[in-house]
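Undergrad: Single-letter residue listing:
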Amino acid sequence: MKTTIKCIIGTLCLGAAALSGQVANAEALDDIKAAGVIKVGVKADYKPYGFLDSSGASIGIEPELAQDVADKLGVEIEFVPVVSSNRMQFLEQGKIDLMIATMTDKPDRRKVVGIVDPNYYSSGTNILAPKKYGFKKWEDLNGKPVCGIQGAFYNKRTSENYGATIVAFKGTAEAYAALQAGSCVAFVYDDSAIVAKAKEAGFEEYEMPLPTIDDAPWGLAVPLGEEKFKDFMSEMTIDWHKSGRILELETKWGVANTPFAIAMHEKYK
Amino acid sequence: MQEYFEWFRILYEETGINLPFLYDSYDRNRMFQGFLMTIKLSVVCLFFSVIIGIIGAWLQGSSLKWTRRIVDAYIQLFRNTPPLVQLYFFYFAIGSLMPKVATEWGGEAPLLGNFAWAVISLSFFAGAFNVEIFRSGIEAVPNSTVEAAEALGFSKFQIYKDITLPLAFRVCLPSLNNNLVNLVKTTTLAYAIAVPEMLYEANQIWSDNVNVTEMMLFLLFAYFILVGALVWCTNRWERALRIPGYGS
Chain A
1 MKTTIKCIIG TLCLGAAALS GQVANAEALD DIKAAGVIKV GVKADYKPYG
51 FLDSSGASIG IEPELAQDVA DKLGVEIEFV PVVSSNRMQF LEQGKIDLMI
101 ATMTDKPDRR KVVGIVDPNY YSSGTNILAP KKYGFKKWED LNGKPVCGIQ
151 GAFYNKRTSE NYGATIVAFK GTAEAYAALQ AGSCVAFVYD DSAIVAKAKE
201 AGFEEYEMPL PTIDDAPWGL AVPLGEEKFK DFMSEMTIDW HKSGRILELE
251 TKWGVANTPF AIAMHEKYK
Chain B
1 MQEYFEWFRI LYEETGINLP FLYDSYDRNR MFQGFLMTIK LSVVCLFFSV
51 IIGIIGAWLQ GSSLKWTRRI VDAYIQLFRN TPPLVQLYFF YFAIGSLMPK
101 VATEWGGEAP LLGNFAWAVI SLSFFAGAFN VEIFRSGIEA VPNSTVEAAE
151 ALGFSKFQIY KDITLPLAFR VCLPSLNNNL VNLVKTTTLA YAIAVPEMLY
201 EANQIWSDNV NVTEMMLFLL FAYFILVGAL VWCTNRWERA LRIPGYGS
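Chains as they are written, first to last, in the working numbering: chain A, 1 to 269; chain B, 1 to 248.
The hints are simulated quantities; they were obtained by calculation from the structure and are not laboratory data. Watch out, some of these pointers could steer you wrong.
Listed next, the in silico SDA-like pairs over lysine to any residue satisfying Cα-Cα at most 25 Å (straight line) [as the list claims (entries may be wrong)]:
1) K131(A) x A102(B)
2) K170(A) x I163(B)
3) K111(A) x E104(B)
4) K156(A) x T81(B)
5) K170(A) x F232(A)
Which bits of chain B does chain A cover? Going by a derived footprint, with three or more residues having C-beta under 8 Å, they are [to be verified]:
6) 100-107
7) 198-205
For glycine and all other residues, C-beta sits at the position ideal for the given N, C-alpha and C.
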């Protein structure tokens, strides 16, 4: 037994070493310029922040922000679709140079990827539910199946604090299908995406009934340790707030201007 | 007990090796539930896939042309399509066409949930292979043995049940076990339709705690132990069923 435990711990140490061993060379900005192309991880199923048009190209608010970065650097852009459960790993492994993928800024995430200050956006958690259930408070979800997305941080909270049974799928399309089929009573997700979804055809009988919780800032991220690139992105973000670019994009993509974006614009104006 | 678990929290703080499914009671509970779900799904699917195999192989020997054709069509359909596609097809395509039943919270849910669909899909998938495996065993039983049974007045069903199948079983057991081991590993696909088995729970834990490497190692280790136990049992089974002098 003792040797087995030693063996397990040994293996885990090896794993941890491998994890910490991935220190990127700190010249990402030069590498990108030399390659002439920047690989940006964006969402492909998150309307209107990052999604695909009918030809399969990435469009939305975040791809446009990424385009700004590419233009500023004078390089080509390559979009890499990411999902919540692999986006940080893609950045660690160098599959992408920059991640703008609706990621909530959290302390433990800051240990793994270089989240840029100031935050570029913010959103909270809410649910999309059929009007007939008439949910009023989060506790109403107690004991009921609620659809979610695999890897979303609020799944745990929704089940731990409010007693909901989370049924989590890989992508939003599967979750919406399960919600419409009646496999779950609600879909717990970012309020920013739900607002856009509830306006779509086929969702007339759905609403966003609960008070938004966990209003939290989003962070775009560069690989850990890339200080030069991070500073560059900081300036970019401040520019976006200063010029009102975020507000402009929200309007363009049919999102009501969020309090966060307005406040940041006021702050840097 | 909690003191032992607390040790792993210290391990995390000291070394960065994060094993929340040991020190965090919520994560520990869901990991354990996931482990139980994997076992439950495996056992139920193993059972049904073997039953499907036995019945399918019996029907394959039918004298009716259409019975044989239907069994063949089933085998081709399930053997030639990926199990993940089958799962999605059953759950999202067939599942949404199923009659709905009223739920206790006043809504309507499909008749069969994700666990039921996972069982159906995976059992039929492994069952298709099992039919062919049993057929290989049945064809290995000498004709003369079957003829001798016929001469003794056994009915067709009796011959299958008492003569052919027991002998065939011993011949095809190694390949059957192979397929069953594969089935246990294939249960991980059920996480695509949100059956909360081990991979699903591990995925949620590594998303919450950003400890992918540790969870991957744990998963590999857990499945190694789980499948190892199954292989040990099947090996014992093979030895127990051995007929001295039969086969080689």
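Undergrad: Looking back at the numbered hints, which does the structure fail to meet, lowest number first?
TA: 2, 3, 4 and 5
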